[in-house]
Amino acid sequence: MTDALISFQDVALGYDGVPVLEGLTLDVHRGDFLALVGPNGCGKSTILKGMARILEPFRGRIVREIDGRPVRFGYVPQREAIEMVFPLTVFQVALMGTYGRVGPGRPVTHADRERVRICLDDVGLGDLQRKLFPALSGGQRQRVLIARALAAEPDLLLLDEPLSGIDLGAAQVIMDLIERLHRERSLTIVMVSHHLKMLREHEMVREVIWVHEGKLLRGSVAAMLAPEAIVRMMDAEIG
Amino acid sequence: MDTLLEILNPNFLLRNALYGGLIIGLVAPAVGVFLLARRLVFIGIALPQVSTAGVAAAFVWHTYFHGHLNRDVSDFVLALVGSSILTFAVILVLALLERRGRGLGEGRIGMLYAIAGAVIILLLASDRVTEIGVLGLLKGEIIAIPDIELLILLLGYGTILAVLTVFHKELVLVTVDREMAISLGKRVALWDLVLFGIIGVTISLGVLVVGPLVMFGFLIVPPMIAGRLVVGMRSISIVAALVGAGIALGGFASAYRLDLPTGPTDVALAGIVLAVVMAWQFMRTFVFRTAVQ
Numbered sequence: 001m002t003d004a005l006i007s008f009q010d011v012a013l014g015y016d017g018v019p020v021l022e023g024l025t026l027d028v029h030r031g032d033f034l035a036l037v038g039p040n041g042c043g044k045s046t047i048l049k050g051m052a053r054i055l056e057p058f059r060g061r062i063v064r065e066i067d068g069r070p071v072r073f074g075y076v077p078q079r080e081a082i083e084m085v086f087p088l089t090v091f092q093v094a095l096m097g098t099y100g101r102v103g104p105g106r107p108v109t110h111a112d113r114e115r116v117r118i119c120l121d122d123v124g125l126g127d128l129q130r131k132l133f134p135a136l137s138g139g140q141r142q143r144v145l146i147a148r149a150l151a152a153e154p155d156l157l158l159l160d161e162p163l164s165g166i167d168l169g170a171a172q173v174i175m176d177l178i179e180r181l182h183r184e185r186s187l188t189i190v191m192v193s194h195h196l197k198m199l200r201e202h203e204m205v206r207e208v209i210w211v212h213e214g215k216l217l218r219g220s221v222a223a224m225l226a227p228e229a230i231v232r233m234m235d236a237e238i239g
Numbered sequence: 240m241d242t243l244l245e246i247l248n249p250n251f252l253l254r255n256a257l258y259g260g261l262i263i264g265l266v267a268p269a270v271g272v273f274l275l276a277r278r279l280v281f282i283g284i285a286l287p288q289v290s291t292a293g294v295a296a297a298f299v300w301h302t303y304f305h306g307h308l309n310r311d312v313s314d315f316v317l318a319l320v321g322s323s324i325l326t327f328a329v330i331l332v333l334a335l336l337e338r339r340g341r342g343l344g345e346g347r348i349g350m351l352y353a354i355a356g357a358v359i360i361l362l363l364a365s366d367r368v369t370e371i372g373v374l375g376l377l378k379g380e381i382i383a384i385p386d387i388e389l390l391i392l393l394l395g396y397g398t399i400l401a402v403l404t405v406f407h408k409e410l411v412l413v414t415v416d417r418e419m420a421i422s423l424g425k426r427v428a429l430w431d432l433v434l435f436g437i438i439g440v441t442i443s444l445g446v447l448v449v450g451p452l453v454m455f456g457f458l459i460v461p462p463m464i465a466g467r468l469v470v471g472m473r474s475i476s477i478v479a480a481l482v483g484a485g486i487a488l489g490g491f492a493s494a495y496r497l498d499l500p501t502g503p504t505d506v507a508l509a510g511i512v513l514a515v516v517m518a519w520q521f522m523r524t525f526v527f528r529t530a531v532q
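As given, the protein sequences belong to chains A and B, one line each in that order. The numbering used here applies: residue 1 is where the first sequence begins, and numbers increase by one. The numbering used here applies: residue 240 is where the second sequence begins, and numbers increase by one.
None of these hints come from the bench; they were simulated from the model. The structure presented is a predicted model; accordingly, all values stated were derived computationally and were not measured. All C-beta atoms, glycine included, are put in the ideal place defined by N, C-alpha and C. All clues stand as given, with none of them false.
Stretch by stretch, here's where chain B covers chain A in the computed footprint (C-beta under 8 Å, at least three residues): (1) 50–57; (2) 82–93; (3) 99–106.
Pairwise CB distance ranges, derived in the manner of DEER restraints: (4) A:GLN9 to B:GLY424: 19 to 25 Å; (5) A:HIS212 to B:ILE324: 49 to 55 Å; (6) A:VAL102 to B:GLY436: 21 to 27 Å.
The shape of chain A in the complex, shown without the other chains:
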């Protein structure tokens, strides 16, 4: 395929010189909506970090190119990863998304600020720009981080457990938002999630990658998240 945004070629990824996953081969194509699922500690976030350049492979190669230029990522980390000693406002957090496009030493332009406001409007937080980020609810914080990722004008949105630790209603709002961004902006999306039921209920999620014992099992939502398939995977995980 020529439209692969990311291509893992026999990749080994891990931490502190110890590989967590080896022999990974995987393509993410333009327009994909992929969900990475699997038990805690299986390496879902590790794969996402490999995609986002946060981890470089020990072995193998990760190609991240589109139309001859590097892929622009909108990375949404786990909410708990953002712990601030000095609290920032919602707008200041979202503004950081523009820093990748603005060269070192150059100021953020008025147009960039306007774009950030639009991104905050898009996630339904336009009226909370001056609020302190830590004062928001879990779901609202997650939406701010999505707005920040959108401000980077990404080709690919990478979301690390965007639905974890928030109530069902807020999770539904976020899932609807991600689905809308995929539909309206034609954004390619890869997300890590434990909410199998919610993934099944959203038809825009095209494929699921189940990370199982260091292997990637890829298939359609219907096939991978069918109740009997889940039971089979769980049995295999438990042994």
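For chain A, the structure is supplied; the task is to place chain B on it using the hints.
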């Protein structure tokens, strides 16, 4: 008021000491904002101690091989070299450990602080003349700063302020969300180097003028005060710098009037300002809650 007018007079005898304190009071807090934001406060304690150990080592080395120095420019340069070499060597090792994912561990930094303190005492015990000079440094007695030392301080800290201002957004990004910075294609290793370099120069140069205690005080307390008053890294940096300069001025005036050592007076004044701000915030919250009930 009379004291203030007297010390602000361009012909004031100790004007260089005042200017030196003001420069450090203005710039060190802006650097300290990043130390706090990146949770490197313990580094802020340990590095001034390491830097002082470097000064002591340089003096003892010179005494051993070349005899005692007079208090002049070569004395300052020697101290700066000793301070810089040890500070940057330690920063390099800590940065390497952090990059390898081993973190900066409180235990490791605490050990560094203790060892540096022991080295200072052992070096001073071996040389009486060095002991007197470095003890002055430890007490934070900012009395006489030659013009050339003031110029070096102004150039060094001026450069730091310029780098902090121009590259503010890059430094904020790698401080607040390192992973996001990498995903955006920023050269995080380079910006880490810039940040650690700034911290190193600030400490190794500042310690020579105000000593480790005052250096740590200026790095940490004004940003803590500013963090309670305003929101946003740039606003906090600006307010911290202004608070630091105000404390340097007020501390110098108080020390001059009451005949106290300048450094500890600065730190005590910073503590008083922090306590007043906290008390004011507590009162405001209390009044608000009472009104709501």
